[in-house]
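*Asks:* Next come the chains, spelled out residue by residue.
Number of protein chains: 2
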Amino acid sequence: MQKSCNILPEMFEFKINKKDPHSRARTGVFVTPHGKIQTPIFMPVGTLGTVKSMTPDELIDLGSQIILANTYHLYLRPGHKLIKKMGGLHKWTCFKDPILTDSGGFQVFSLAQEKGYVDGKKRKGGIKITEDGVEFQSHLDGSKHFFTPEKAMQIQSDLGADIIMAFDECAPGDSTKSYAKEAMKRTHAWAKRCKKEHEKLQKKAKHRQALFPIVQGVTYKDLRIESAKFMAELDLPGIAIGGLSVGEKKEKMYETIETVEPHLPENKPRYLMGVGTPEDLLECVERGMDMFDCVLATRLARHGTYWDKNGRHCIKKEKFKADSSPLCKNCDCYACSKFSKSYIRHLIAENEILGIRLLTIHNINFLLNLMQKIREEIEKGSFKSFKRNFLKNYKHRQGEK
Amino acid sequence: MQKSCNILPEMFEFKINKKDPHSRARTGVFVTPHGKIQTPIFMPVGTLGTVKSMTPDELIDLGSQIILANTYHLYLRPGHKLIKKMGGLHKWTCFKDPILTDSGGFQVFSLAQEKGYVDGKKRKGGIKITEDGVEFQSHLDGSKHFFTPEKAMQIQSDLGADIIMAFDECAPGDSTKSYAKEAMKRTHAWAKRCKKEHEKLQKKAKHRQALFPIVQGVTYKDLRIESAKFMAELDLPGIAIGGLSVGEKKEKMYETIETVEPHLPENKPRYLMGVGTPEDLLECVERGMDMFDCVLATRLARHGTYWDKNGRHCIKKEKFKADSSPLCKNCDCYACSKFSKSYIRHLIAENEILGIRLLTIHNINFLLNLMQKIREEIEKGSFKSFKRNFLKNYKHRQGEK
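Residue numbers (the numbering used here), protein chains in the order written: chain A, 1 to 401; chain B, 1 to 401.
Quick caveat, the hints were computed from the structure, so don't treat them as lab data. Possibly wrong hints are sitting among the right ones.
Identical chains share a label here; the pair holds if one copy fits it or two copies do between them.
Quick list of in silico lysine-lysine cross-link-like pairs, DSSO-like style, CA-CA up to 30 angstroms [stated by the list, open to error]:
| # | residue 1 | residue 2 |
| --- | --- | --- |
| 1 | Lys321 | Lys144 |
| 2 | Lys250 | Lys229 |
| 3 | Lys96 | Lys338 |
| 4 | Lys317 | Lys144 |
Start from the sequences and build out the full structure, keeping to the hints where you can.
*Replies:* Structure, rendered in structure tokens:
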């Protein structure tokens with residue numbers, strides 16, 4: 001299936017190391033211009049070219065292998081032209097490891113959603129969809145912008161990430177089938193245009209980028225299968241599933257992944273977009289997914305919440321006021337190796353940056369460690385029992401929503 | 001003058017290393033339970049038990065020797081009793097170096113000032129001064145509290161810093177002479193009570209603390225001299241000058257220090273409270289001051305401002321948008337050794353924590369380096385010419401106010 005890599009690995013080659021005999025889980029290595037990525041992998045989100053509160057060095061110390069940045073946000077401010085002028089995202093942010101940029105598609109539509117997304121052709125919130133692209137208003141100043149598949153490729157070429165995403169329409173989870181189909185068809189046409197523009201751009205570019213198309217189709221099984229087949233045929237270095245974890249029930253999400261997965265090329269990394277609770281990571285690795293991203297780890301930290309093996313906890317609770325123990329007893333992160341719950345609680349209560357930093361370090365470390373453990377367990381063939389044990393402790397206390 | 005220190009240095013001994021032949025500047029070493037302090041020294045401010053945005057390790061990496069924490073703030077939240085229960089400030093914050101706590105006096109009065117401080121006995125803002133102490137309202141929830149000299153000592157004993165401050169009344173810079181005198185007399189009476197209470201507390205305490213009294217008297221020379229003499233006679237391990245840098249003109253501040261200084265014990269560290277612009281540090285070291293603190297370094301950072309040898313600069317300026325150079329070319333701090341002005345500008349414009357962190361590191365490093373340089377120049381006998389050269393570059397560009 002996968003190409004051999006005896007001497008030098010080929011750029012964007014994906015090599016499967018081990019397949020779990022009891023599930024669809026697998027481990028692998030994806031080669032990018034800025035380094036290899038061990039999968040399954042969680043990618044911390046650095047929306048504006050910074051994983052909130054962290055330095056690039058701190059991320060590397062935690063074992064982060066790749067981060068994500070947002071095309072939509074960076075396009076609006078400071079602008080992709082500036083970042084290109086400064087030598088691209090890697091040089092500008094001093095982040096030496098691989099970077100993935102999304103296409104801006106999700107943000108364009110989620111913004112509209114926030115302002116009153118309506119099923120059908122008419123949408124509120126200043127968003128206008130045509131076959132050519134999407135007109136939207138900046139969430140910063142209301143200024144009007146127009147994204148096409150070609151534009152999304154041009155912006156991402158300027159940003160210079162290792163992995164870039166096709167421009168897609170992310171239809172809401174409660175879309176009617178007819179609308180879901182229409183959005184999917186548009187996403188397919190746009191993916192083809194993205195591929196064409198990307199190939200054109202790569203010819204004159206010095207940096208190599210891998211384009212991933214995005215499977216859509218809401219939770220309609222036949223649409224998802226049709227979309228998976230279509231995107232697989234584009235034969236790009238990886239493939240993503242979008243439009244999940246957008247409000248539908250967990251079971252529906254898992255079911256949709258199970259439906260799609262057999263139709264994805266096996267020898268390419270599968271990126272499940274926007275998913276990143278500990279529970280979901282386990283469930284979706286089991287269902288054959290390789291790459292994940294989610295803002296939850298950093299966002300929860302800013303709101304004073306941290307994970308441990310029992311679930312999530314809010315450090316602001318009164319019971320932690322005089323608690324001299326670390327967030328997690330067996331955690332090796334900087335926060336846990338040094339500070340007490342009592343002190344971190346005080347920092348968060350006072351909105352002190354150090355509190356946010358410590359919880360962010362802990363939460364990202366928690367997910368990266370979980371993924372490392374998952375990889376190890378797959379290699380050992382014991383992933384299923386690891387998952388079962390983890391979720392037994394995890395769910396019986398404070399579950400995720 | 002100073003005691004010899006051939007074998008083990010005595011706790012709170014102050015040893016003068018070198019006196020500048022051309023000014024009142026001197027270098028020295030002050031011995032505290034958590035380590036020696038090389039003077040002249042700048043103390044970063046950690047109001048709530050954290051130097052905003054920084055870890056204790058980052059501070060130590062920058063060469064910080066001692067930090068300051070605020071009695072008023074920590075008393076209100078999380079409360080000194082909790083901190084005592086958690087083992088004191090050092091253990092709770094994981095800061096291993098010396099800590100100084102102020103008495104809360106300044107905050108009690110500056111709060112009233114913010115709410116409409118009026119010269120005379122009647123004051124707005126819920127503050128009521130008696131000979132016994134001060135009733136004030138919390139800036140957090142308006143709750144009423146009463147601080148006495150004894151209470152200020154008890155709180156600071158619980159916090160457990162190496163250096164603690166006497167409870168004083170900080171009269172406004174525009175006070176009438178009669179009011180300034182009244183406030184000074186009260187401060188003298190309170191200092192005696194502080195000393196008595198402190199001695200009582202130290203008898204049963206395990207940790208050794210040095211109490212510093214605070215010279216007051218607004219900018220009235222005879223009052224300042226009277227206050228300096230009174231405080232000197234208390235024969236405590238150090239002495240502070242309070243009530244300056246509170247709105248009076250720079251020249252008035254320098255003049256007042258020149259008036260006070262000859263009346264301070266030479267063999268004890270002199271702490272000039274709340275002063276910390278590069279310019280003021282130089283001017284006041286020249287006038288015989290040894291210890292300084294100021295929130296400016298961290299506060300300016302949060303507002304996007306940094307120092308270099310030419311003055312202060314706002315990183316948000318348009319001209320820095322595509323500037324690939326570091327904040328300072330010859331600076332060895334993490335921010336300057338890694339990141340461009342362009343990227344830091346973006347981070348600050350987006351209110352990203354990393355931006356605040358980088359400017360904080362740079363600003364604190366700038367002041368700590370300046371103090372180190374000052375110590376070296378005093379040792380070499382070239383302090384005056386160093387100061388002259390520094391201020392020639394510094395003032396002709398963008399001066400401090």
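*Asks:* Are the hints correct? Go through all of them and say.
*Replies:* Taking the hints in turn, this is what the structure says about them:
When the C-alpha separation of Lys321 and Lys144 is checked against a cutoff of 30 angstroms, the pair qualifies only between copies, where the shortest distance is 23 angstroms, while the shortest distance within a copy is 48 angstroms. In the homo-oligomer, the alpha carbons of Lys250 and Lys229 lie at most 30 angstroms apart inside one protomer (24 angstroms), although the nearest pairing across protomers, at 75 angstroms, exceeds that limit. Taking CA atoms no more than 30 angstroms apart as the test, Lys96 paired with Lys338 passes in both settings, with 28 angstroms inside one copy and 12 angstroms between copies. Proximity of Lys317 to Lys144 under the C-alpha cut-off of 30 angstroms is restricted to the inter-copy arrangement: shortest distance 25 angstroms between copies versus 44 angstroms within a copy.
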